[in-house]
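Protein sequence lines, in the order shown, are assigned to chains Z and D.
In this text, residue positions in the first sequence follow this note's numbering: the first is 43, and each later residue adds one.
In this text, residue positions in the second sequence follow this note's numbering: the first is 43, and each later residue adds one.
Hints may contain errors.
For identical chains, the list gives no copy identity; a pair is met inside one copy or between any two copies.
[What the hints assert, rightly or not] Simulated pairs of lysine-lysine, BS3-like, Cα-Cα distance not exceeding 25 Å:
id, residue 1, residue 2
1, 64, 226
2, 343, 68
3, 198, 343
4, 162, 66
These are calculated hints, taken from the structure and not from any lab test.
Because the structure is a prediction, the values reported are computed rather than measured.
There are 2 protein chains.
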Amino acid sequence: MTDDTRNSIHTGQDAIVEALGKGKLKRVRKLVRPMHPGKLASLLEALEPDQRQTVWQQVADEDEAAVLRHLDPQMAATLHRDSDHGDVDADLHDQEENVFTHIGSVRDALQAGKYKRVGKVFRHMHPAKAAGLLEALPPDERSAVWETLDSERSGKVLVHLHEEVRAKLALEMDDEELVAAARKLDLDDLVDLIQALPSGSGRQLLLSMDEQKRKQIAEMLSYHEDSAGGLMNVDHISVRADVRIGSVLRYLRLLEDLPDHTDKVMVVDRKNRYLGVLRLSRMVTSLPEAKVSEVMDDEFKPISVESSSHEVARLFEDLDMLSAGVVDGDGLLLGRITVDDVMDIIREDSERAMMNMAGLDEEADMFAPILTSTRRRSVWLGINLITAFLAAWVIGQFQGTLEQIVALAVLMPIVASMGGIAGSQTLTLVIRGLALGQVVGGNARVLLIKELGIGLLNGVLWALVVAALAILWFGSWQIGGIIGAAILLNLVCAALAGLVIPLVLRRFGIDPALAGGVILTTVTDVVGFFAFLGLATLLLI
Amino acid sequence: MTDDTRNSIHTGQDAIVEALGKGKLKRVRKLVRPMHPGKLASLLEALEPDQRQTVWQQVADEDEAAVLRHLDPQMAATLHRDSDHGDVDADLHDQEENVFTHIGSVRDALQAGKYKRVGKVFRHMHPAKAAGLLEALPPDERSAVWETLDSERSGKVLVHLHEEVRAKLALEMDDEELVAAARKLDLDDLVDLIQALPSGSGRQLLLSMDEQKRKQIAEMLSYHEDSAGGLMNVDHISVRADVRIGSVLRYLRLLEDLPDHTDKVMVVDRKNRYLGVLRLSRMVTSLPEAKVSEVMDDEFKPISVESSSHEVARLFEDLDMLSAGVVDGDGLLLGRITVDDVMDIIREDSERAMMNMAGLDEEADMFAPILTSTRRRSVWLGINLITAFLAAWVIGQFQGTLEQIVALAVLMPIVASMGGIAGSQTLTLVIRGLALGQVVGGNARVLLIKELGIGLLNGVLWALVVAALAILWFGSWQIGGIIGAAILLNLVCAALAGLVIPLVLRRFGIDPALAGGVILTTVTDVVGFFAFLGLATLLLI
C-alpha cells in the first residue's frame with residue numbers, strides 16, 4: 043500500500059465519518075458508491091463495528107459480492123447476514139395488513155441500522171402508502187428514512203404528504219435534490235409542492251424549470267388552491283370535431299402512452315373553444331371512418347375554472363365522472379380535472395370537518411414538536427375557557443341559593459350535559475345537511491318544527507326520568523320538579539340552537555363544523571344553569 | 043251526447059275523483075292519458091277548479107293542444123297559463139346553485155299543484171341530485187314528487203337514496219311499478235336495492251327476474267354488503283391474452299356501447315383465471331397487429347372478493363385506480379369494482395364517523411317521523427345520562443365541602459370543561475390516525491410521550507391562567523392553587539385517556555368514533571370533579 047492510497051482511504055474515511063456523525067446517509071452513499079471494492083473493504087475494516095454496519099447498508103446490492111470478497115471471512119459473514127435479503131418481498135404480498143406490519147418493521151429495522159431493508163420496503167411501496175408510513179414515524183426516524191429514498195421517489199412521496207410534513211422534509215433536501223425530485227412530477231402536483239414550500243425554496247425550484255414550464259406554473263399558481271383552476275392539470279389531449287376517428291387513433295398511436303386517467307379526449311374548435319368530449323370507450327367501438335363530431339358527446343358539460351373544489355367534488359360524485367374539461371369564462375379549454383384528485387378532496391373535506399370540530403388543523407403533523415402542538419391547541423383551549431367562565435359566571439349569580447341547597451350543585455352538571463348532547467345531535471344533522479346541500483331556506487322551517495318536536499318529546503321523557511332519580515336521591519319533590527322543568531326547557535332550547543347556530547354561521551361564511559360545537563355548548567350550559575338555578579331561587583328561597 | 047258516453051265520462055270521472063281523493067296521481071295519469079281529447083275536455087269542465095287543475099297537470103305535453111281546443115276559451119286560457127312551460131330549462135343552467143333554488147321552487151310548485159313543473163325539474167336532473175332533493179323534502183311532499191316520476195327514473199333515483207328513505211319510497215310503489223323500476227338497474231345497484239327493501243318486497247322483486255339474472259343476484263347476495271363481493275358488478279369485459287388488438291377492437295365494435303366507467307378490459311385465460319388488464323388508453327395507442335399479451339399490464343393486481351369495502355377504498359385511493367377486477371381465492375375473475383362506487387364509500391365512511399359521534403345513524407331519514415327520531419336519539423341521551431349521574435355522584439361525595447365553600451360549585455365546571463376539550467383534541471387526532479392506519483402498536487408509545495408532553499405544557503399554561511382569574515374573582519390564594527392543580531392533573535389525564543380509549547375500543551372491535559367521546563368526557567368529568575373537590579376537602583376543610 044503506497045502512502046497515496048493510504049491517504050486517500052483516510053481522506054475518504056474522514057469524509058465518511060464526518061457525514062455519518064451528521065446523519066447524512068445520502069452523502070455517505072454518494073461517497074461510498076464510486077469506491078473500488080478493495081478500497082471500500084479496507085475502509086470497512088478500519089471502522090468501528092456500528093459505523094461499519096451503517097456504511098455497509100449504503101453499499102449497492104450489486105456491489106456487495108465484490109466487496110465481501112476483499113474482506114476478512116468472519117466479518118464478511120456478519121455483514122452478509124446484515125444485508126437481510128428475501129423476507130421483504132414476502133411482507134409486501136399481504137396487502138391489507140401491511141401498514142400495520144410495516145410501521146413496526148420499519149422502526150425495528152431503523153433501530154437496528156438496517157437502512158437497506160428500509161429502503162427496499164419504501165421502494166416497493168406506492169408513493170401514497172409511503173407518505174402515510176412516513177407520517178406515522180417520529181421526526182428523527184422520518185428523516186432517516188427520507189435519507190434512503192432516491193430523488194425520483196422523493197418527489198412522488200412529497201405530493202402525498204400533508205402540508206406540514208411536506209414542507210419539513212422538502213427543507214431537509216438541498217436545492218439540487220429538490221429540483222431532481224420535482225422533475226418527474228405532474229404539473230398540478232408540482233404547483234401543489236411549490237405552494238407548500240417556504241417561498242425561498244419554492245422560488246428556487248421555479249427558477250430551475252425551463253421557460254415554458256415556468257410560464258404554465260405561473261399561470262396555474264394564479265388560481266386559488268381550492269378552485270377548479272388549482273385542481274386542474276394541463277395534460278389533456280384535444281382533437282378537432284371534423285376529423286375522422288381513424289386519424290385520431292393514428293395521432294394517439296404517435297403519443298405511445300396517454301397521460302394517466304385518460305378516459306376521454308377533449309373536442310375543441312379552431313380557437314380551442316370547448317365543444318364536447320370523445321370517450322375512449324366510444325372511440326374503440328366506432329368505425330375508423332366515423333367523424334369525431336358524430337360520436338362525440340356534446341352534452342357533457344365542462345367545469346368552470348372558477349368553481350370551488352367543493353362544487354367540483356359534488357359534480358364528480360353526482361355525475362359519476364372520471365375526468366372533465368376545465369374552461370374559462372369564454373369557453374376556452376384550459377385543462378382537465380381527474381377523479382383521483384377529486385377523491386383526495388372528498389377525503390380531505392371529511393378529515394377537515396372532523397379535525398376542525400376539535401380545533402385541530404388537518405394539515406398538521408401528528409408528530410409536530412411538542413411546543414408547536416401545544417401552542418396550536420392552546421388557542422382552542424383558550425376560546426373554550428372564555429365560554430367556561432361564562433357558564434361559571436351564571437352559576438356565580440346564584441351563590442346564595444347554592445349555599446342554602448347544596449344538592450343543586452350536585453345536580454346542575456346533569457342539566458347542562460343533557461342539553462349539550464341533544465343539541466349536538468341536531469347540530470350534526472344540520473351540518474351534514476348543509477354539506478350535502480339538503481338544508482336550505484326552503485325547508486328550514488319544516489326541520490325546525492320537527493327538531494322542536496323531538497326536543498319536546500325527549501325533554502318530557504328525560505325530565506321525568508331525571509326528576510324521579512333526583513327525588514329518590516335527595517328526597518325532595520321540589521328539587522325533582524325543578525330539575526325536570528330545567529331539562530325540558532334546555533332540550534327545547536338545544537334543538538333550536540342546534541338548527542339556528544349552523545345556519546347563522548353559514549350565513550356569515552364561517553364553517554359550522556369549526557365553531558358550531560363551542561357555541562352550542564355555551565348556549566346549553568348557560569341556559570341549563572340559568573334555568574335550573576334560577577327556578578330554584580324563585581321557588582325554594 | 044248519448045247516455046253511453048255520458049256514463050263512461052261519469053265512470054271515468056268517478057274513478058279519477060276517487061284516485062284524486064287518495065292522492066294517487068299516477069293512477070290519475072294512467073286513467074287520463076288514453077282518453078279522447080274531447081272526452082277529457084268534458085271531464086275537466088265537470089270538475090271543481092282545484093281538481094281540474096290537478097287533472098290538467100297529468101295531461102301529457104303533446105296532448106295539451108288537442109284538449110284545449112275542446113274547452114271553453116276562458117278555461118282553456120287559464121289552464122294553458124298553468125302549464126308553465128319554459129322557465130325550468132333556464133333554472134337548470136345554473137349548476138352550482140340549483141339545489142338551493144330547486145328545493146324552494148319544488149316546494150312552491152307542489153303547493154301550487156304544478157306537478158308538471160316538478161316532473162320536469164326531476165326529469166332533467168341527474169338521479170343522484172334528484173335523490174338528494176327528495177331527501178330534503180318533508181315526507182308528504184316527497185311522496186307527491188315520487189308519484190310524478192316514471193318507473194325508469196324511479197329505479198335510478200332509488201339507488202342514490204339513503205336506506206331509510208329508499209325503503210319507504212319503494213313501499214309506496216306497487217309490485218308492478220317496482221319491477222319496472224328495477225329493470226333498468228345495474229346488477230350491483232339491484233342487489234343494493236333488494237338488500238334495502240323489506241324482505242317481502244325484495245323476494246317479490248327477485249322472483250320477477252329471469253332465471254339467469256336471479257342466479258347472478260343470489261350469488262352476489264351471498265357476499266357481505268361491505269365487502270368487495272358486495273361492491274362488485276359483473277358487467278366487465280374480458281379478453282384472452284393470445285388474440286390481437288385488432289380482433290379486440292372488432293369485438294368491442296360489436297358491443298357498440300361499453301358499460302359505464304370502462305377504462306380497461308380484463309385479460310383472462312381459457313379457464314377465466316385473471317391474468318392482467320388491458321387499458322383502453324393502451325389499446326388506442328397500440329398497433330392492431332400487436333397481441334394482447336404484449337400490451338397488457340400483468341402487474342395490475344386484482345382485488346380479493348373477501349376484502350372489506352374499507353380496504354377497497356384505500357387501495358383505490360392509494361393506487362389511483364379507476365376500476366379493478368375482483369377474483370376469488372382461486373384467481374377466477376368474478377367481476378369488477380369501479381371508482382364511482384368507491385367515492386360513495388369514502389363519502390359514507392366520513393358521514394358515518396361524523397353522525398356516529400353524535401349517536402346518529404347515517405342511513406336515517408332527516409325527515410323521519412318525530413316519534414321515530416325521538417326514540418332513536420333518546421338512546422344516546424340515556425347513555426349520556428348514566429355518565430352524567432356518575433359525575434354528579436362524584437360531586438355528591440363532597441357535599442360537605444361545597445356547603446362550606448360555595449365558590450367551588452361555581453368553578454368546578456371549568457375544570458371539567460377544559461379537560462374535555464383537551465382530551466377530545468387527542469382523541470380526534472388518534473381516531474384519524476387509526477382511520478388512516480397511521481396509529482398502531484409500533485408508534486403508540488412515541489405518540490403517548492408527545493401527547494403527555496402537550497398535556498403537561500398546556501396544563502401548566504391554563505392552570506396559571508385559571509388560578510389567576512380565580513384569585514381575582516374570589517380573592518382566595520388557596521382556591522386559585524387548588525383549581526390550578528386540578529386543571530393540570532385533568533389535562534394530563536385527558537391526554538392519556540384521549541390516546542388509550544380509542545386504542546382499547548379498537549382492540550375490542552368497537553368504532554372509536556361512536557363511543558370514544560362519551561367515555562372520554564366521563565373520564566375528564568370524573569377526574570376533574572374528583573381532583574378539584576378532593577384537593578379542596580383535603581386542604582381547606
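Report task. Return the numbers of the hints above that this structure violates; sort them in rising order. Result -> 1 and 2
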